[in-house]
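Residue numbers (the numbering used here), protein chains in the order written: chain A, 123 to 276; chain B, 5 to 326; chain C, 481 to 981.
Please note that a few of the clues may not be correct.
To be verified - Taking lysine to aspartate or glutamate and the DMTMM-like style, the derived pairs with C-alpha atoms no more than 25 Å apart in a straight line are:
#  : chain 1 : residue 1 : chain 2 : residue 2
1  : C       : Lys908    : A       : Glu191
2  : B       : Lys220    : B       : Asp138
3  : B       : Lys220    : C       : Glu831
4  : B       : Lys220    : B       : Asp235
5  : B       : Lys220    : B       : Glu136
6  : B       : Lys215    : B       : Glu136
7  : B       : Lys220    : B       : Glu231
8  : C       : Lys908    : C       : Glu704
9  : B       : Lys215    : C       : Glu536
10 : C       : Lys908    : A       : Glu189
11 : B       : Lys215    : B       : Asp138
12 : C       : Lys908    : C       : Glu770
13 : B       : Lys220    : B       : Asp134
14 : B       : Lys215    : C       : Asp830
15 : B       : Lys220    : B       : Glu288
16 : B       : Lys220    : B       : Glu241
17 : C       : Lys908    : A       : Glu195
18 : B       : Lys220    : B       : Asp179
19 : C       : Lys908    : A       : Glu190
20 : B       : Lys220    : B       : Asp152
21 : B       : Lys220    : B       : Glu142
22 : B       : Lys220    : B       : Asp246
23 : A       : Lys127    : A       : Glu191
24 : B       : Lys220    : B       : Asp145
25 : B       : Lys215    : B       : Glu228
26 : B       : Lys215    : B       : Asp134
27 : B       : Lys220    : C       : Asp830
28 : B       : Lys215    : C       : Glu831
29 : A       : Lys127    : C       : Glu704
30 : B       : Lys215    : B       : Glu288
Claimed, not checked - Some, not all, of what chain B presents toward chain C, calculated at C-beta under 8 Å:
#  : residue
31 : Asp46
32 : Gly160
33 : Gln186
34 : Asp194
Read the hints as simulated data drawn from the structure, not as lab findings. Think of the CB as a built atom: it goes at the ideal place given N, C-alpha and C, for glycine as much as any other residue.
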Amino acid sequence: MQHRKSVRDILSGLIFIGIAFAFGYAATGYERGTALRMGPGYFPLVLAGVLGVIGLAVVIRGLLAREEEPPLERVPLRGIILLLGAIAFFGMTVRGLGLVPALFLTATASALASRNNSLLRALLIAAALTFLCTLIFIVGLGVPLASFGPWLRF
Amino acid sequence: MPFRKTGATLLATLLATGALAQDYPTGPVTIVVPFAAGGPTDTVTRLIAEPMSAALGQQIVVQNVAGAGGTLAATQVANAQPDGYTILMHHIGMSTAPALYDDLAYDPTESFETIGLVTIVPMTMIARRDFEPDTFEELVDYVTANPDSVTYANAGIGAASHLCGLLFMDAIGVDVLTVPYQGTGPAMTDLLGGQVDFMCDQTTNTTGQIKGGEVKAYAVTTPERLESLPDLPTTAEAGLPDFQVGVWHGLYAPAGTPEEVVATLSAALQTALEDENVVTRFAELGTAPVPLDQATPEAHARYLQEQIDLWGEVIASAGAGD
Amino acid sequence: MDLLANLALGFETVLTPTNLLYCFVGCLLGTLVGVLPGIGPTATIAMLLPITFTFEPVTALIMLAGIYYGAQYGGSTTAILINLPGESSSAVTAIDGYQMARQGRAGPALATAALGSFFAGTVSTLVLAVAAPPLARAALNFGAPEYFSLIVLGLLASIALAHGSILKALGMIVIGLLLGMVGQDIYTGTPRFTFGFFELYSGINFVSVAVGVFGVAEILRNLEHETTREVLVRKVSNLWLSREDFRRIVAPVVRGTVLGSILGILPGGGHVLSSFASYSLEKRSSSRPEEFGTGAIEGVAGPESANNAGAQTSFIPMLTLGIPAHPVMALMIGAFIIQGITPGPNVIRDEPALFWGIIVSMWVGNLMLVMLNLPLIGVWVRLLTIPYRVLFPAIIAFACIGTYSISLNAFDVYAIVVFGILGYVLIKFGCEPAPLLLGFVLGPLLEEHLRRAMILSRGDPMIFLERPISAALLACAVAAVLVAVLPAVRKRRDEVFVEED
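The following block holds chain A by itself, in its conformation from the complex (with noise of 0.2 Å):
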């Protein structure tokens, strides 16, 4: 008998069984307690225990699945690496360069993921962006941010 495995299954449980082992490892470092004073690291320790034990059984009934799968999709690397770079600048600088300038560097790199966005189109959004939100946040709803930023104070 001819079985087809299934990509997903054995690597959502394999990450399952990752994350079981990460925060079990580390939960081993917690004072566990007794069952009247439950420490620290007694609950996450079934809970990682629970999560191996589910992870193990997705890995295995991936090794056993009979259906046919469709084909993993494409990963967009560009995109992904824009956008998540992005979000990290903007946590980076929105303090530093104050809201316009992170905004619009972050926008415009966000824009540039996806493949249908030229420069000078993602240009435009940010600046539109950037502007909406200034009006939105700082003027409107008065959130406590410098639009520029003390380094670019002199």
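Assemble chains B and C onto chain A, guided by the hints.
Same frame as chain A, but now just chains B and C:
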């Protein structure tokens, strides 16, 4: 060239810092409250924030950073810029943390500049409505007779209710099963629901429930009876003169905050404590502002040291510092 | 009749120009912060608290309450339109609401949310008016063991949130529970899983997780095949509900309202469960459960009603006993105290105008909200005609600013990146994000109540079975698992038979 440029920048920065201390405050001041919004410490802070803001001529933002009996917020403020724009409101927990936590990331006396005391809130011993004892004396007898079946609720490690419980158990020499909650709200909920037997908490939390007849009140932990609860005996009247505790509140700035800035804040605090609204509201909560000579950095620092010594002993003898 | 006299007093209090104005201001602000991801009602109320110093007590509380339930209306909008839930309840709405939007049915989805919320708001306000004090007292019978069992039931019933593999849904719940453990342990103060990051001491921010696993992961998924197809269907069929839609939402709205009203009364965080519980209930009782997760209108109607009903009745413990059910209610108690009113059982007796004024204002506010939100649907739906390549940078921008502005903490923004990638990978492998979010929200509560129950019982686990409410809830939980697992097992067995035939 690069060197000169750096030198100039450095000079400019120095000048700017100097100017900052003189003009202080030029922007909103954040008071970090180490407990959840709506709680007693939060209320005290919000009540004085209003007149302090008027005195400083700047907005005051109250930020709640709850967690770990207040040490989380204290750590945050200890590491904040010492520019007077981030200050801390903390209560009695400031003096007990060194004894309760081994790995404290700050030192209550070294990491902060004291600004001034604010108020000392009395505490009340209360129980679920159908709890057997009717008076404080009966409570002491009952707890002594049934140490294995009564339960004492507190609002978390290091919370005022935790400390009051420690002091009570220390005074009567009995250990009681303690159930920690995340804040006074949930603890009070379970007390009203009869899930736990008794607790000791600040009048700011208990007055409404006592007046509404939802809980049984035994005693107040101050030397004198309270105006807001005149029928409630003091612990001394009820035969436990050693069991006295008040939740004192004080304002702190990070260590290294310029003296002028601390003085400005202290002056604003004193103005706030004389505010009519603050006095009335405090009275409704069963407390009062400290005398103005206590709302100074020096008096506050002295009091803090006394309290650290006192609680160090109590906690060590209760064996709770783990 | 007392009730009528009381309601008359309430209307008298509310129907002054000032109070009406501030009721509207509160609702409008609430809708706004609800629509924008991140900021949320807690932060807004905390920010506005000092301003209300100068108001009359009743005006202040009417406005603050308006912000809270207004935000419940607004939150669903972002969840439906761009799959960006701002709080746990809208995460449920996002499951089917967003699918409806992709099929060009954003109009009916939004209308369902608004109408369901209005119905729920009306009924639960009535519940508040008729029976608040006895209900609050009944809710006090819930102690730690009952809450633990209730949460277990909620978690197991929520397997229904996933339309794929049950096993993977369970795994996602447990991952969520584990992520919820991050931060300082409330019983001992020990920092857990913080890797030395001071920012993690108070736990991972909910908005970072939600924005990451829902919003960002969805965008990354869409970038996968942007060359082959357009992401959002631009043709918007109709804005309003069809007769068929109406027929389908009536029962879910009523059921959701009842469920939400009951759960909302429980002060230990019952309202968090309401939308999840309603979704599970609707999927179970539906004659076509396979439609759930692919744009079933019942999956929007039930949870939205339950959420709003729960939000409304969560005022009950606060108004009648002075105990807060969640941070927003704690802030409301702070507002009472600042106004010189001691919250507690005396409020009804001593301040009848205030008590009944707030209750009536909730109904008036709900009416304002539905009138405000229905015309807005047209505007929102038009937003979807913006090409996706323009829309998604906007989503990212809003998500970044919204998350950052919660506590001005860059760490919360970095967390989006981590959860965005985790969510993307897991979704790619056929796991669904909603159960993870539920686990994340309920994890800390589950642990807290478990440990407290064990302390109260002095280490005896039988406490969960000895207390009748707790035992009944656990029995329901077992039943929920059986109901979920049995059809799958039977199906598999059938398949096996088919293959071997």
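Status of each hint after checking the structure:
1. C/Lys908 with A/Glu191: holds, 13 Å
2. B/Lys220 with B/Asp138: It holds: about 8 Å lies between the C-alpha atoms, which stays within 25 Å.
3. B/Lys220 with C/Glu831: Distance ~23 Å between B/Lys220 and C/Glu831 Cα, so the pair holds.
4. B/Lys220 with B/Asp235: holds, 12 Å
5. B/Lys220 with B/Glu136: Judged against 25 Å, a Cα distance of about 10 Å means the pair holds.
6. B/Lys215 with B/Glu136: Since the Cα atoms of B/Lys215 and B/Glu136 sit roughly 19 Å apart, the hinted pair holds (cutoff 25 Å).
7. B/Lys220 with B/Glu231: holds, 18 Å
8. C/Lys908 with C/Glu704: The hint holds at about 10 Å.
9. B/Lys215 with C/Glu536: holds, 24 Å
10. C/Lys908 with A/Glu189: holds, 18 Å
11. B/Lys215 with B/Asp138: holds, 16 Å
12. C/Lys908 with C/Glu770: Distance ~20 Å between C/Lys908 and C/Glu770 Cα, so the pair holds.
13. B/Lys220 with B/Asp134: holds, 8 Å
14. B/Lys215 with C/Asp830: holds, 12 Å
15. B/Lys220 with B/Glu288: OK: B/Lys220 and B/Glu288 at ~20 Å, within 25 Å.
16. B/Lys220 with B/Glu241: Between B/Lys220 and B/Glu241 the Cα gap is close to 18 Å, so the pair holds against 25 Å.
17. C/Lys908 with A/Glu195: holds, 8 Å
18. B/Lys220 with B/Asp179: Status holds; Cα separation ~22 Å.
19. C/Lys908 with A/Glu190: With Cα atoms ~16 Å apart, C/Lys908 and A/Glu190 stay inside 25 Å; holds.
20. B/Lys220 with B/Asp152: The given pair, whose Cα atoms are some 21 Å apart, holds under the 25 Å limit.
21. B/Lys220 with B/Glu142: Between B/Lys220 and B/Glu142 the Cα gap is close to 13 Å, so the pair holds against 25 Å.
22. B/Lys220 with B/Asp246: Between B/Lys220 and B/Asp246 the Cα gap is close to 22 Å, so the pair holds against 25 Å.
23. A/Lys127 with A/Glu191: The given pair, whose Cα atoms are some 9 Å apart, holds under the 25 Å limit.
24. B/Lys220 with B/Asp145: holds, 16 Å
25. B/Lys215 with B/Glu228: holds, 19 Å
26. B/Lys215 with B/Asp134: Measuring from Cα to Cα gives roughly 16 Å; hence the hint holds.
27. B/Lys220 with C/Asp830: At roughly 21 Å apart (the allowed maximum being 25 Å), C/Asp830 and B/Lys220 satisfy the hint.
28. B/Lys215 with C/Glu831: Holds, at about 14 Å.
29. A/Lys127 with C/Glu704: holds, 23 Å
30. B/Lys215 with B/Glu288: holds, 12 Å
31. Asp46: Given a least distance of 6 Å, the restraint on B/Asp46 holds.
32. Gly160: Given a least distance of 7 Å, the restraint on B/Gly160 holds.
33. Gln186: With a minimum Cβ separation of about 5 Å from chain C (threshold 8 Å), the hint on B/Gln186 holds.
34. Asp194: Holds. Min distance 6 Å.
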